[in-house]
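S.K.: Chain by chain, the residues run as shown.
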Amino acid sequence: MSIMGTRVVRVEDPVFLSRGATYTDDLTDERLTGALHLTLVRSPLAHARITSIDVTEARSAPGVVAVVTGTELDIAPALLFGGAHKAMTRPFLATDLVRFVGEPVAAVLTEEAYQGQDAADLVEVDYEPLPAVIDLVEAASDATLLFPEAGTNTSNGFSHEKEFDPAFFEGCDVVVTKEIVNQRLAAAPLETRAASAVWGDDGRVTLWLSTQNAQSARDEIAGWLGLDAATLHLITPDVGGGFGAKIGADPEHALVVRLAQQTGRPVRWNESRSENMTGMVQGRAQRQTITIGGNREGDVLAYRLDVIQDAGAYPRLGAVLPMFTRMMAPGVYDFPKVESRARVVVTNTTSTAAYRGAGRPEATAAVERAMDLYAAEIGKDAAEVRRRNLLQPEQFPLKTKGGAPYDSGEYEKALDMVLDAAGYAALRAEQAKRRENGEVVQLGIGVSVFVEITGGGAFSEDAAVEVHADGTVTVLTGTSPHGQGHATAWAMLASDHLGIPIEKITVKHGDTDLIPRGQGTMGSRSLQTGGVAVHKAAGELIELAKQRAADVLEANVDDLEIVAGGSVAVRGTETAITLAELADREPLKVETNFDSGAPSFPFGAHVAVVEVDTESGKAVVDRIFTVDDAGPVLNPLLCEGQRHGGIAQGISQALLEEVSYDADGNPLTATFADYGIPSAAELPSFTLLDMATPTPLNPLGVKGIGEAGTIGATPAVQSAVIDAVSHLGVRHIDMPLTPVKVWSAIQEASK
Amino acid sequence: MKVEITVNGERTSADVEPRLLLVHYLRDVQGLKATNVGCDTTSCGACTVLLDGESVKACTLLAAQADGLEVTTAEGLSPDAEHLHPVAAAFRAEHGLQCGFCTPGMVMATVGLLTENPKPTEREVREGLEGNLCRCTGYHNIVRAVLAASGQDPDGPREDGHAELAPAGGVEAAPGFSTGGDA
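Sequences listed follow chains A and B, in order.
The first sequence begins at 0 in numbering that gives the first Met the number 0 and counts up by one.
The second sequence begins at 0 in numbering that gives the first Met the number 0 and counts up by one.
Keep in mind the hints are simulated off the structure, nothing from the lab.
If you want the footprint, here are the derived chain B segments under chain A, 3+ residues with CB under 8 Å: (1) 27 to 35; (2) 89 to 98; (3) 102 to 115; (4) 124 to 137; (5) 140 to 147.
In silico negatives: residues of chain B with every beta carbon more than 10 Å from chain A: (6) Met0; (7) Thr11; (8) Leu50; (9) Ala63; (10) Gly150; (11) Gln151.
Beta carbons are placed, not taken as given, at the ideal position from N, Cα and C, and that holds for glycine.
Turn these sequences into a full structure, and let the hints guide you.
M.R.: Okay, here's the thing in structure tokens:
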């Protein structure tokens with residue numbers, strides 16, 4: 000019997016719930032004794048020329064050991080995303096120009112943490128303000144350039160120079176087009192960014208870093224600093240959430256390493272939340288134009304998606320994400336014709352990168368909006384129009400019009416399941432009654448059907464499993480948890496093969512000396528790559544153990560089996576040897592790699608039921624029903640946890656969250672008091688429905704689950720709110736659907 | 000200035016800057032790192048501790064304001080990993096934590112909530128924990144954990160009438176395998 004599918008409580012939790020996890024700022028490693036505290040002086044202006052920096056007074060403030068400006072810093076400006084325009088490099092401390100509020104300008108190093116801000120306030124920087132570019136269309140016009148030497152604000156693009164086919168919608172009875180916003184979001188992990196570094200006498204540096212992938216972060220930082228990657232020993236302590244924004248390294252992390260070298264002292268850095276809300280990469284930030292055409296019966300004939308992606312001031316991972324948006328443009332639908340293009344522009348804002356879903360929620364939100372607008376235009380039920388256009392199971396595997404190699408999917412089954420659970424017909428009847436009665440609080444029902452990519456871009460992962468002579472097991476993985484529960488899940492996978500209970504299995508990750516190769520945890524990739532690698536390594540270890548046991552027990556390998564407790568036994572006899580005993584004779588360890596060679600495509604369907612107060616515009620999600628099919632489930636407890644978190648962030652994008660700037664580029668949402676992270680009071684309990692369609696791409700049949708919730712829930716909730724007021728003439732409201740926006744849309748429609 | 004604060008039942012004292020926040024007194028002076036700092040606007044509640052039994056945000060109090068008072072942190076609630084306080088144990092059983100950063104504060108806020116309202120409804124739990132943010136769990140399992148910790152069945156009827164559809168939490172037996180604990 001397999002442990003697959005069993006609810007196993009986490010092995011991480013007892014420590015997390017008593018003395019607490021050990022995050023980077025909690026470290027008490029003796030090598031950090033006497034560490035200096037780094038405080039950064041950051042630009043208060045979005046776009047300006049630095050005319051002078053005076054650090055005299057700051058240098059004489061109490062506890063100050065050093066104040067470093069860009070001209071005194073030994074790090075050359077770097078291109079943070081290789082695909083960007085070559086002139087769009089970022090200085091590690093700005094010297095001439097600042098390009099977003101929050102850009103580091105000077106570094107202050109003090110003996111005590113509290114002294115840092117005191118001294119930073121004494122650094123006098125004179126700025127000559129320049130016009131700020133915030134609006135994406137204005138940025139694309141190149142009227143004001145962020146990098147004059149580039150001659151353009153376009154960082155890069157994906158078929159962005161191509162002209163759309165003017166005859167693309169010929170033959171369509173109905174064509175609907177709409178410009179929509181997929182707003183900028185803050186990942187806002189509860190643990191802000193943190194790093195600590197110390198140089199040793201051996202010429203190597205140890206860097207403790209809150210990151211989602213230690214090995215990539217090591218390579219990035221080494222590249223920026225001109226160091227051999229082997230010089231860096233990067234250790235990832237417990238990480239307090241990431242959501243994509245802790246993928247790789249940030250410029251500040253390189254500063255910590257270099258400043259520790261320049262001062263000859265260990266250096267610690269832990270940013271404040273306000274710094275985090277301007278300094279940490281943000282997500283989404285697309286302006287999209289959707290055009291959909293079809294006949295009056297409900298068959299979509301052509302779909303077009305035109306994207307402008309906001310890269311922020313210095314292009315990073317966000318600049319590549321429209322590639323995924325284009326790839327997933329047609330989603331679950333069998334559209335005869337699809338075309339798309341995407342332009343990436345720089346603006347005087349915080350850089351964008353991955354945030355839970357990273358390019359795919361933007362695709363789903365666009366196509367689901369398009370389906371709603373089309374259904375409304377032809378006067379048909381939005382769920383039925385979706386059903387009519389879905390790809391069918393017998394079409395798999397297939398290459399889509401977006402270029403994605405879909406592995407497996409049963410979209411109609413997912414849609415039926417969620418509509419049944421929600422009681423769709425009864426909800427529509429309730430809605431009709433409320434409309435008829437002209438009730439103030441109206442009911443809205445939103446449906447989304449989605450497919451996404453998981454394990455995209457990094458298909459390969461290493462794992463090692465070793466049984467020790469004392470009967471314990473060590474698992475090494477190149478994935479890197481920050482809340483997902485890998486220590487439990489990977490121990491389950493090893494236990495499943497070895498028969499050794501999970502309490503005796505220790506999972507290690509995020510130490511680049513111990514695990515030099517690894518891709519980390521992002522893009523919902525862990526289980527289908529790293530987990531499968533652990534499964535494979537444990538399986539290989541069993542084969543090795545059987546061969547050795549065959550010699551010791553003088554038995555035929557084919558007659559041996561693994562029994563609970565971790566022994567190799569001759570089938571049907573009492574003759575056995577434990578894995579521990581085998582390990583005592585000769586090290587019992589297997590290192591392996593698993594390469595899926597391709598991403599997988601989990602899918603699902605969500606129904607959101609909302610109530611909208613038509614007098615105030617306030618929308619409340621009453622219920623949400625979700626099918627999130629990621630193949631067979633290893634540990635339902637962990638899988639449901641991932642779904643819950645994603646659904647919450649999806650609802651929150653639809654209703655609450657938006658990073659916003661005024662016209663001068665001042666951030667208006669730079670604290671948790673201003674940015675709409677939901678509390679428990681703003682969310683309902685969720686109704687999860689189970690469906691498991693395996694992928695042929697790995698032996699466990701598993702796909703990724705981490706991002707499903709954000710991808711499915713966001714459009715379902717947006718659709719539900721618009722649905723609640725559609726009888727008043729409202730067809731579209733941009734996210735987030737705040738009370739003022741909903742109220743304004745109702746007023747506008749009634750004119 | 001000198002402060003004397005009873006922390007987790009033990010008397011502590013130190014000479015501190017008047018501006019030292021209670022949370023930094025706990026973390027940096029006393030070395031109790033379970034209490035976290037997640038924001039600078041009293042919004043997130045990661046720093047929640049009990050002050051004379053009542054839940055407060057330790058980032059908004061000066062150490063000086065706790066002079067002569069009793070503070071309880073997560074470390075004081077559950078003395079070690081093998082002996083979890085019932086609220087902490089419920090968080091584990093219901094998977095009410097992921098990255099763990101909000102967790103000590105969330106648990107302390109729950110203890111405060113249940114002291115005031117021993118049998119809260121789901122709505123009361125949600126509103127009672129409004130001052131504590133979690134970015135990982137979507138609160139679904141936190142709410143279940145609080146209901147379970149209050150002695151109520153998290154799968155039982157809820158006042159919103161949708162309870163029959165809420166997924167079950169808890170732990171199944173796995174024949175032949177350990178499930179990692181007795182929760």
